[in-house]
Amino acid sequence: MRKLLDGDPMDQNLHEWVPESDLPMAIKLFSLALFFIPGAINCSTIVNRLISCSHASTILTGLICSLPSYAECALFNLLDINNLSEETVRGKNRFQMIVSLVTLCPSMAGVAVETLSQNRRDALLAVKLAALRANNQEFIRFLTYCLIDRSSHVFSAVHKTSGRAAFASLQERVMKILEATVAEKELKANEEFVECLALVHLQSNAKLTAAEVKLLINYLCLKIDDSGHIHAVVCTLLSLPALTSAPPGMAPGTSIDPKVGDYLQWLKARVTSSQHESATLPCVLIVALYLWSNRVEEINKFLTDSLLCRVTLGSRHFTSVRALLQVVFPEKELAQICASMPITFGLHKNDDSQGLLPVHWICDLMSQKVFQKHNVDVGNWVQRQIQHSLAPIHPLLSDAIDRLAEYAAQAEIRQGLERKFCEVFIGDLMDESMLVKRLLVLQYLLTYRQRFTASGRKEDNPYKSIYQTIPIRYLLSVIEANAVDFAPIRLSLVGSSIALFPYMRPTRKSIELVRNRRRASTCQLPTGFEIQKILCGSDRAAALKAAKHLENASLSDLVKLLPVIVQALKSVIPPLEVLEGNDGAPTTSLDDGNCNRLAETLSNVWLDLEAIVPRQVIEKTLIAFQETPFMVDQAYAQPCLVFDVDRRVFASPPHFMIFLPMLSFFLEAGRAEKERAVLIANMKTGQQYEDKQKLYQCEEREILFSVLDHTQRAAAVQLLIEICDQTKNKFIVAPFRLEKIRMLAFNYIHSIFIRDIQVMKLVLFETFPLHMLRSVIEGIPSMHVAQNFIQEMMVFPENKRRIFTISLIIEVFRKYRVKATLPLVTMTLNALCTLIRYVDSRQVLCLVNGVIEELGELALTFPQLAETVMNILGQVSLMAESRLAFHSTGVVSSKTMERSLVKRVKVQADLIAQKTLT
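Following this note's numbering, the numbering of the sequence shown begins with 44 at its first residue and continues without gaps.
It is worth saying that the hints were derived from the structure and are not from the lab. Heads up, some of the hints might be wrong.
Said to hold, decoys possible - Under the rule of at most 30 angstroms between Cα atoms (straight-line distance), these lysine-lysine pairs were calculated in the DSSO-like manner:
#1 K416 to K311
#2 K603 to K591
#3 K843 to K804
When you get a sec, could you build the whole thing from the sequences and use the hints?
Structure follows, in structure tokens:
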């Protein structure tokens, strides 16, 4: 023993010093020395010396049997000895000693395999040791990890030419485990083992024998009720061509073993069962969808991600698998399964981190129009998913809603969201729990209406009455205020709303109101009955205080108090100063200052509400303010009916301030409805007539629509000018009130003119009272554009319009003293001279009689035109005197127009001469 311990550990002849006959004695001596004199000899020394001995494994086994506590120490000493070639005696002895130790202590097999696998030289030893001594669980875990991790030493070693034998041993061990597993009576789910089977055979270059194929099918087709196991089995069946490819001479779709078909039928029954549906459905759906749509790349990626190993299905293999699955899962049944699949509760944008969701399958089938092709109603699934969705909204849900609306609008059979489900806009407008549902339903309804109109269907829209209850502007303002949460539906909703309801577009004010006053306020408001009693009571100070609270109230409270606010507004309309007799003396006075401030406060509250829910506010206000009862729907077709309200509204600036948004709303809403009607009519025309006739009728219809719209807007402008005309009213309006009313009216008219200049042209061609001309030009900044129509207006034969035209250009030139307008004034004066020369004298005198003062003012304002004006006035005066001389015998001269005209001309001539001299 001393010779063995003192010898050179690298000496290859040490085995001669321990003859085979002395092995029992050597084992006893080593055991005694190691136990009684550990200071002289230790386990590391023994291992280092025995590794070169031919009987090292036998001696170490006997030693460990005598002293089991040294097994772990001996194993780690052996594992620490590396850089030994397996072909040398020392390398072989080391491996045999490790195998012996693992055989004696099976619990150390995992540690030994893991340690060996971390060294490049020992990688194949780890494979052999795992194949020989690792238990089934450790072997499967080790093999799966090493075959997945392409950077591991084991993966590199087994895929080299020198490692083929080791890989074959792995495959042989796997098949033995498979045989033992199949032979067991109680089978349990083992997802890891199934994946290990797939990895080994995918990375093996050896072709599966018929016996191996049969063994694999017998195991894989066992009906083990576990979703993870089923997922692994499906991926394995798809990945290995030998398991599913049709044998030569057999039709595609015929499996190599009927058990595969039986297993797929069992899988189909399990999927359709509500008890197991949610667990197994994703795997089956993705496979079926990709196979049905011939998406080879997607299914290769799915298999690669599932097995963590590169999988590529060949064309023949893909065709065979697709045909096999089509027999079991027809496309229509697949669509029906998807339509009845469970939803994702609390679906939101961040749920994609959980992997593929049911909404992915629905959108995938919708994009391929599978539901439409087989007439499968998917509306119920979308309806349930909308009910349980949260913000931020999932982008695929928005896409599914758009596709459903498009399909439902074109389908002859009613398929889509139920009408009762879409009636979600009744109730508390600010209910946060209903916000996402309302937005998604709104997206469906708007998309449905667009597609329904485009389809040209003859029947009525089934959701027609719902659109009138939708607070579109409020919902769009919420989207703009929370653009990140609602980004998936923002583009669709805004685009559809602008196309269908342009008058419902969100404004800056509506967005700010939603941001600042969407939540409930801290101030406690009285109940509806109490606050109505206060606002409509005789105590204006208390009413004003209550109205101030309304300015800071939440939007939810304001919407609930809408009827009260409208009634209070009506009660604070000030009394009118009605004229009696011809002296113009007022018989009543306006209300006190508190009433005015109360009206202004309530008007501001009303405008806040109008910015959020315009349709509800305006319709209720119009009904309350009607002077002659009429249906509100009539105002959409004839917007000027809005003027048929209490005449006192036009005498109170706060009330007139809320009247203008009402007028604008009905003008825009009426235009949108007429435009939609024209679009529908044009589509029907396109289906009935040929190209030329179709084009002619469509153009004619669009022209009529444009004319009607311009006429209605021009009529509204004329009525607003009439409201600003004190002489047209039956009552006297205080000057400061009239000034505010004119300012509001002219600003609104200006907005109409800059939007469509043709409305201005139509208003000017129709003319309005001359005494309002200066006020209109002064109050409307866009009136300088009127000079573009002067030449056309001078062609009119009526003196009334000629007088209006001359007055118009003079007033425009008076305000806008620019060089560009001077030629127009010169042209007007030249035209007037021509009329004096060639037109009947009676008509000339009537014409000039209406513009004498304007001509005089023109000469006073612009001295360079004084000479021309004086010539015109002189000719007119001579013409009037001639007519006086001719008719003096039969007419009292003091009463004639000619006598009056001569006097007025003389006055203007004297003023011009005096101005010129100074």
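Hints, one by one, checked against the model:
1. K416 to K311: With a Cα-Cα distance of about 22 angstroms, the restraint between K416 and K311 holds, given a limit of 30 angstroms.
2. K603 to K591: holds (17 angstroms)
3. K843 to K804: holds (16 angstroms)
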